[in-house]
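Chains as they are written, first to last, in the working numbering: chain P, 22 to 407; chain W, 22 to 407.
A few of these clues could be false.
Identical copies carry no separate label here, and so any pair may be met within one copy or between two of them.
Calculated pairs, BS3-like style, for lysine-lysine (alpha carbon to alpha carbon, straight line, at most 30 Å) [to be verified]: (1) K320 x K148; (2) K52 x K148; (3) K42 x K190; (4) K350 x K52; (5) K42 x K148; (6) K320 x K37; (7) K42 x K177; (8) K350 x K105; (9) K32 x K386; (10) K277 x K105; (11) K42 x K350; (12) K252 x K96; (13) K42 x K401; (14) K96 x K348; (15) K32 x K361; (16) K252 x K52; (17) K401 x K32; (18) K252 x K378.
If you're looking for bench data, these hints aren't it; they were derived computationally from the structure. The structure presented is a predicted model; accordingly, all values stated were derived computationally and were not measured.
2 protein chains.
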Amino acid sequence: MNNFEFVNPTKIIFGKDQLQKLQSELPENAKVLMLYGGGSIKKNGIYDRVMEALEGVSVTEFGGIPANPEYDILKEALAVIKDKDINFLLAVGGGSVIDGTKYLSSAALYEGEDPWDILAKGIRTEKGMPFGTVLTLPATGSEMNSGAVITRKSMKVKLPMGGPGLFPKFSFLDPTVVASIPQRQLANGLADAFTHVLEQYMTYPIGALIQDRFAEGVFQSIIEVAPRIMKDPSNYEAAANFMWSCTLALNGLIQKGVPTDWVIHMIGHELTALHGIDHARTLAIIAESHYLTSFETKKEKLAQYAERVWGITEGGLEEKAKAGIQKTKEFYESLGIDTKLSAYTNDYQGTAEEIEKRFNDRGIKGAGERGLVTPESVRKIVEMAY
Amino acid sequence: MNNFEFVNPTKIIFGKDQLQKLQSELPENAKVLMLYGGGSIKKNGIYDRVMEALEGVSVTEFGGIPANPEYDILKEALAVIKDKDINFLLAVGGGSVIDGTKYLSSAALYEGEDPWDILAKGIRTEKGMPFGTVLTLPATGSEMNSGAVITRKSMKVKLPMGGPGLFPKFSFLDPTVVASIPQRQLANGLADAFTHVLEQYMTYPIGALIQDRFAEGVFQSIIEVAPRIMKDPSNYEAAANFMWSCTLALNGLIQKGVPTDWVIHMIGHELTALHGIDHARTLAIIAESHYLTSFETKKEKLAQYAERVWGITEGGLEEKAKAGIQKTKEFYESLGIDTKLSAYTNDYQGTAEEIEKRFNDRGIKGAGERGLVTPESVRKIVEMAY
């Protein structure tokens, strides 16, 4: 097991009929900026419930944060924060709204000249404006971690940021919100969380028994709950398991003390930046090609995964490992998610070369758990995924 | 899944050669009281390493906290805290030293007349004096939770306390300390952590998929690591898994959203208070009788445990459930731990009646996940365990 540090101070308030506790979680004299997305919270009743819970609190609203939270829109929100003397942010939404709020948390207290540098120069956020979340879409785990990914369309880039100052103070996780999530988003959430676990698990064996078991437990829970939630998102028990699994998939715990990969995400972010494909679907496009390409260095864990998660007991190590890749592809497909780039765009030619170039431009020599995935192999992975 | 709140702000610093970070984790102008146990840390080098890491810091020492941290001794430490104007506590030890430090953390800031009330009246600690830990004995999980159990020998009582103010600020977990732990303590640690998971898992099914998987993952890790660590405690990989499993067994995560039991601990504490038996061994004495007595209400989870953790696939539900109880008993025995009270004392007659009386005196009508374990059934459980 590798050395590690782990801390996660976010308070989770999980379950139905908990929102009445919202006000008691706010600091005294909070001047709140409430952030949300395209307005679905006004249709499904969440907006009204949050507003009711905030009665008597000073609240300014900022709606319209899009999927892949957009830098230029967040700039407007930042102006509101300064204008209105806001001292607390409340994200009501999914990963995009929460990630956007994390950028604002950091930018609001940023002392440099241009807060774009937080992303462009990868500046770690030690202290941010305090914020909380009301999660409306289980997927990214952003409600209990300190990372975010921000898009700037005009530059066709999607960049990560993070730091210990970016944990939410609290997150409300109410599984009843799942009932009104469209099928496409449910599938995305399941695929996203599943791939988060893959990135933290599918590396090489390091004898970290409990991290492996926990990661396998998240896989198994997502696999078990996926058909139930796709069939009936108003099934509370299924929704609760879906929601808590997504959070635990990326709250930092399972990656501590073990190598992690994240190549699928690195490439996936580029596919979203270039073609506007849903984040989760970009992951499903890349996973198979990546695992086939890095088969030799990943086969032990692939085989363990096939055996423990998918119950594949027949065959030798390599056969099991290959079956593990196949099962992963089938899992995405079972959610109605295509796993080839050409299913999403006709304009895919040249994508592999462009992403290779971007990796080279950023000076990435080798990515993945062993640093072996060169820009050239990235090109091959993307080509295989056409 | 039940509603729940979860927060755990303790920072874990895990691995070898990490202690040099100790000073940077202390608040500025810390006046530290360093607490430890019987002095084994002076033999195994941990004392010297901690002292070296604290060079230049104002440190007062208080050694001699015994297993089952004793109220009368802690009273002396409390006087030192007041005398020396201490503002930070550092526990260097196992669960007993850490639990004792938690009592001191609470008592140091207690505003009532007599800090004994914290235990006698079960007063929850909202704010304690800040403290950190350097763990020397994996077992109780106290290094990453906010609970403690304190003994007062003169009254033959052992009482729990806790509250959100009692999370350690940080805990150093260095698996190399395991090498110098005697066999008896290793066995105790493994049995203690294992039983912690039992208490949070062996109830009734509630459809909490991921909590079950995580709990099963801790069981599996402990079972896998137990023979390796008993054979060679200097095996770093085994020690690391042992240590991290013990922490995750009781850091609050796996019990969220599910029913919990704790009857084994309630009775076990009385056996320690009455007969001075090691905490972990009291748990091993009670487990089988408790599960046989509550077989009807626990058989579904017992069977699931037998199947998933012990790989028992033959037989119907009741047969599997019984095999689960048998496997549990055999696990304790594999550690060299006797599972009958008469193996520890000749003076066991009357114990069952005395414990029944104590449960009645405390007004406990029914314990366990359904509140069905009456003082009378407690008596029967203890009798069965003679």
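To see whether the hints hold, each was checked on the structure:
With identical chains, the CA atoms of K320 and K148 are never at most 30 Å apart, being 41 Å at best within one copy and 50 Å at best between copies. For the identical chains of this complex, K52 and K148 are neighbours both inside a copy (18 Å) and across copies (26 Å), given an alpha-carbon limit of 30 Å. Within a single copy, K42 and K190 get their C-alpha atoms as close as 14 Å, and across copies as close as 26 Å, so both meet the 30 Å cut-off. In this assembly of identical chains, K350 and K52 lie within 30 Å of each other by CA distance neither inside one copy nor across copies; the values are 47 Å within and 57 Å between.
Taking the shortest alpha-carbon separations for K42 and K148, both the intra-copy value of 25 Å and the inter-copy value of 21 Å come in at or below 30 Å. In the homo-oligomer, the alpha carbons of K320 and K37 lie at most 30 Å apart only across protomers (29 Å), although the nearest pairing inside one protomer, at 42 Å, exceeds that limit. Neither within a single protomer nor between protomers do K42 and K177 lie at most 30 Å apart by alpha-carbon distance, with minima of 40 Å and 41 Å respectively. For the homomeric pair K350 and K105, neither the shortest alpha-carbon distance inside one copy (48 Å) nor that between copies (64 Å) is at most 30 Å.
Proximity of K32 and K386 under a CA criterion of 30 Å is satisfied in neither setting, with 38 Å inside one chain copy and 33 Å between copies. Taking CA atoms no more than 30 Å apart as the test, K277 paired with K105 passes in neither setting, with 40 Å inside one copy and 39 Å between copies. Taking the shortest Cα distances, K42 and K350 never come within 30 Å of each other, neither inside one copy (41 Å) nor across copies (44 Å). When the C-alpha separation of K252 and K96 is checked against a cutoff of 30 Å, the pair qualifies neither within a copy, at 39 Å, nor between copies, at 60 Å.
In this assembly of identical chains, K42 and K401 lie within 30 Å of each other by CA distance neither inside one copy nor across copies; the values are 51 Å within and 43 Å between. Within a single copy, K96 and K348 get their C-alpha atoms no closer than 42 Å, and across copies no closer than 61 Å, so neither meets the 30 Å cut-off. Taking CA atoms no more than 30 Å apart as the test, K32 paired with K361 passes in neither setting, with 39 Å inside one copy and 42 Å between copies. For the homomeric pair K252 and K52, neither the shortest alpha-carbon distance inside one copy (41 Å) nor that between copies (59 Å) is at most 30 Å.
In this assembly of identical chains, the alpha carbons of K401 and K32 never lie at most 30 Å apart, being 43 Å within a copy and 41 Å across copies at closest. For a Cα distance limit of 30 Å, the shortest separation of K252 from K378 qualifies neither inside one copy, at 42 Å, nor across copies, at 53 Å.
Violated hints, listed in ascending order, are 1, 4, 7, 8, 9, 10, 11, 12, 13, 14, 15, 16, 17, 18; each of the other numbered hints is respected by the structure.
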